[in-house]
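*Asks:* Read top to bottom, the protein sequences are chains A and B.
So the first sequence is residues 80 to 165, counted in my numbering.
So the second sequence is residues -11 to 403, counted in my numbering.
Since the hints were derived computationally from the structure, they do not count as laboratory data.
Treat each hint with caution, since some may be false.
[To be verified] Lysine-lysine pairs mimicking BS3-like chemistry, simulated, CA-CA at most 30 angstroms apart: (1) A:Lys162 - A:Lys148; (2) A:Lys95 - B:Lys120; (3) A:Lys162 - B:Lys120; (4) B:Lys120 - A:Lys96; (5) A:Lys148 - B:Lys146; (6) A:Lys162 - A:Lys95; (7) A:Lys148 - A:Lys108; (8) A:Lys108 - A:Lys162; (9) A:Lys148 - A:Lys95; (10) B:Lys113 - A:Lys148; (11) A:Lys108 - A:Lys95; (12) B:Lys17 - B:Lys215; (13) B:Lys146 - A:Lys95; (14) A:Lys96 - A:Lys148; (15) A:Lys108 - A:Lys96; (16) A:Lys96 - B:Lys146; (17) A:Lys96 - B:Lys113; (18) B:Lys215 - B:Lys273; (19) B:Lys113 - A:Lys95; (20) B:Lys120 - A:Lys148.
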Amino acid sequence: MITAELTFDDLAGLMKKAAGVTVDPQQLKQSPDYPFDAVGLDSLGLLGIVGELENRYGASLPQDSERCKTPREFLDLVNSTLKAGA
Amino acid sequence: MSSERARGAAITGIGVIAPNGLHADAYWKSVREGLGALDRITREGCEDMPLRVGGEVRGFDPADLIEEPFLVQTDRFTHFGMAAAALALDDAGLGRGNPAEPYSIGVVTAAGSGGGEFGQRELQKLWGQGSKFVGPYQSIAWFYAASTGQISIWSGFKGPCGVVASDEAGGLDAIAHAARTVRRGTGAMVVGSAEAPLAPYSMVCQLGYPELSTAEEPDRAYLPFTKGARGFAPAEGGAMLVVEDETRARERGTDIRAVVAGHSATFTGASRWEESREGLARAIKGALDEAGCAPEEIDVVFADAMGVPEADRAEALAIADALGAHGSRVPVTAPKTGTGRAYCAAPVLDVVSAVFAMENGLVPPTPNVFDICHDLDLVMSRARPAELHTALVLSRGLMGSNAALVVRRGGDSAR
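One chain only, chain A, in its complex shape (with noise of 0.2 angstroms):
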């Protein structure tokens, strides 16, 4: 289990390596409630991402992370996800 918590900048990188969409991780930081539909990434690119933390962590995230709306909200429950299984 890592400690470290996922940054703005993670997700970033995440966004662009699943989904191909490219975001400023400044623009993610000053707007996280800026909707993940409206920078393009679907469902399917945050279910990729999802994905890809579940391996990286060897833990599960809660069902329906997929469904989060925003970077805050993401950031939020894998963040506190991961706590609470430290």
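Dock chain B against chain A, hints included.
*Replies:* Then chain B, alone, in the frame of chain A:
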């Protein structure tokens, strides 16, 4: 019938990504000159296959024409299809992305096998690392309908969409489907096919076809209608067209490059080439009937040209059966001997060649073929000048479909 006639289906845009050209004009220049693009297959993982020669699309960077998310989420066959669609829409002068009337434009593509390369990559992850390593885009990228869906999403066109999976002749069936959709009231259709069969898994699937040429020399691998016929060489790439309501096209002030006049399709069974004679002849007659076209009006025939002796004989006889004495006089050509057969995309590329041939008054030659053993006036060596008003395009699939399409020159449709 009269109201259908009134609503003509015009070809107003052409986009090509082919082994011999990454743009329609470059493609035609190569076709007109009879240049061959068949070569040794060089794609990674294909080196040890008994299939040596094919038509590879080289120097193609899909990122030049389509946005990154689509590149990550789709297979190479969709990359070709989307890039060709972008070129066709530009040629037609139609916008994309928030179109003014999104429901007035639809998309239909024909597909022979879907996204084999993407599928192979994800299945290797499945068996190598486990199910959790398979990416979610595998659920859509391999799918026959992927190109139709992604072109629709990317362009914002929300009109009637479809995918035709009817064997290689499906390339012509899709154009007919688009023409019918336009006749029923949709403003325009983006239609065509692109294939990507030159990847390891996809190639293994093809090795079972007895019609495949396993010859080693690029200029001897695909020689239809000759004594040296030994099967066909496969190709990747394809073409997309914009088929548009003729009245709407005139109102927009767009050039009408050609008109889709008639189509018919039949089925005679997998590799039953002798039977394809009757099936193809029936398809030709059906297409002529729908076009209201006499056999003598056909100015050029783009042959299916399978390159298998029985299939070539059946095609030559079918042309004679359907066109009568005119069948041995009309110029016949098969530019695909220079590129290989891109499955469903092969007849769409032939339709593109037919449009350019009519525009330029030039029947392109059949590359690498110099001496035939059938009673056909096959155009060889160099392009032949001719006044061309009406072209007949033929296609057969390895699984037994036959189709014929009649296309008329743009300026002739009013007559």
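*Asks:* Against the structure shown, which of the earlier numbered hints fail to hold, in ascending order?
*Replies:* none
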